[in-house]
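Student: Sequence:
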Amino acid sequence: MPNGWSPARILGTRLLLVFLLFCFVFTLLWVDRDGLRDQVDGELSFTDVVYFTMITVTTVGYGDIVPVSTRARLLDGLVVTPVRFAIWFLFLGTAYQLIIRQYMEEYRMAKLQANLDGHIIVCGFGHTGMSASKELLARGTSAKQILVIDRLEERVRLAGTLGIAAFQADNTQESVLRDAVIDKAKAVIIAAGVDDANALILLTARHLNPKVRIIVSAKEEENVKLFKQGGADAILSPATFGGYILAAAVDQGHMVQYLDDLLTTGGHVALVERTVRPDEIGKSPAELHPDLLLRLYRKTTMYSYLKLNEAGPLQQDDIMVLFTSSPTGTG
Numbered sequence: 001m002p003n004g005w006s007p008a009r010i011l012g013t014r015l016l017l018v019f020l021l022f023c024f025v026f027t028l029l030w031v032d033r034d035g036l037r038d039q040v041d042g043e044l045s046f047t048d049v050v051y052f053t054m055i056t057v058t059t060v061g062y063g064d065i066v067p068v069s070t071r072a073r074l075l076d077g078l079v080v081t082p083v084r085f086a087i088w089f090l091f092l093g094t095a096y097q098l099i100i101r102q103y104m105e106e107y108r109m110a111k112l113q114a115n116l117d118g119h120i121i122v123c124g125f126g127h128t129g130m131s132a133s134k135e136l137l138a139r140g141t142s143a144k145q146i147l148v149i150d151r152l153e154e155r156v157r158l159a160g161t162l163g164i165a166a167f168q169a170d171n172t173q174e175s176v177l178r179d180a181v182i183d184k185a186k187a188v189i190i191a192a193g194v195d196d197a198n199a200l201i202l203l204t205a206r207h208l209n210p211k212v213r214i215i216v217s218a219k220e221e222e223n224v225k226l227f228k229q230g231g232a233d234a235i236l237s238p239a240t241f242g243g244y245i246l247a248a249a250v251d252q253g254h255m256v257q258y259l260d261d262l263l264t265t266g267g268h269v270a271l272v273e274r275t276v277r278p279d280e281i282g283k284s285p286a287e288l289h290p291d292l293l294l295r296l297y298r299k300t301t302m303y304s305y306l307k308l309n310e311a312g313p314l315q316q317d318d319i320m321v322l323f324t325s326s327p328t329g330t331g
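According to the working numbering, numbering within the sequence shown proceeds without interruption in unit steps and concludes at 331.
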């Protein structure tokens, strides 16, 4: 059955298939009813053939109606028997998909939830969500601290190949985010691929956890302001950013190469954001050598590189954006 079907639709479709198979067998037996014998009164009515069809496909077989001709026996052995197996497979598949699988998923989810604390929820595992997850892994985040939610089963399986826990669900629903233990999450990355869905996930996530850090991928630039108003801590527009890079690459190829080096984990250099360490309090930005302080955040004030002298010595709880060598650079 296609992914995303409701249990009622799955059950209805399977019952329809069983009914069609029953009608197929009944038609064959009715056409060849001369090859059947009623051991009770010797006469075969429409009701008798319906009855015989039912007990035949369900493998009950009381023996009161039996095939006596060679053609009727071949029909039962070569045609009805495969149909009988098909119906049983449908019944077993339905039981697994609607009952057994549900219990297995509930057990798996309960076990997963017990280990979730300070984790990162990735809503959507398309190109953007997958790239973000891979970069998190490259930066040292444990796969156990990442949880992926996506509508498509193939994407859930793809996340599993990276060792990342994932489950298939509609991540716009409040119950799904609750199942992802959003109240204990460190951050939520929203990359559903459609801004409408991204906005709904953002509002729901912010409602469920007012303190969690939320990063949103915006498809359209005009939605950036709306996401900011909705409570997003960071909004990125991959298409717009990619356009800037493509335009710059026309005349500034080395700069583009350097930006790629700067933004990826495997490059020579990196941008790092961190709080001032105790041994750095009272120092000037120049004393952070070999790191280069590019921007300083002190409470509600931001000091850019050209105005760092106005900030004075580093203070406790200052947040710095540093230019440094990449610890994982491959040369």
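No wet-lab data here; the hints were simulated from the structure.
If you're wondering where the values come from, they're calculated on a predicted model, not measured in any experiment.
Any given hint could turn out to be false.
In the DSSO-like style, the derived pairs of lysine-lysine whose C-alpha atoms are separated by at most 30 Å in a straight line are [stated by the list, open to error]:
| # | residue 1 | residue 2 |
| --- | --- | --- |
| 1 | 219 | 184 |
| 2 | 225 | 144 |
| 3 | 307 | 219 |
| 4 | 211 | 228 |
| 5 | 144 | 134 |
| 6 | 225 | 186 |
| 7 | 219 | 186 |
| 8 | 186 | 144 |
| 9 | 299 | 283 |
| 10 | 211 | 184 |
| 11 | 134 | 219 |
| 12 | 225 | 111 |
| 13 | 186 | 211 |
| 14 | 134 | 307 |
| 15 | 134 | 283 |
| 16 | 186 | 134 |
| 17 | 211 | 225 |
| 18 | 283 | 228 |
| 19 | 111 | 211 |
| 20 | 111 | 144 |
| 21 | 184 | 144 |
| 22 | 111 | 186 |
| 23 | 283 | 184 |
| 24 | 134 | 184 |
| 25 | 144 | 219 |
| 26 | 219 | 111 |
| 27 | 184 | 299 |
Ranges between beta-carbon positions, derived for each pair [to be verified]:
| # | residue 1 | residue 2 | range |
| --- | --- | --- | --- |
| 28 | 244 | 174 | 20 to 26 Å |
| 29 | 261 | 89 | 28 to 34 Å |
| 30 | 91 | 245 | 28 to 34 Å |
| 31 | 98 | 23 | 30 to 36 Å |
Backbone N, C-alpha and C fix where the C-beta goes; we use that ideal spot for every residue, glycine too.
Student: Hints the structure violates: just list their numbers, smallest first.
Tutor: 2, 3, 12, 14, 15, 18, 23, 26, 28, 29, 30, 31
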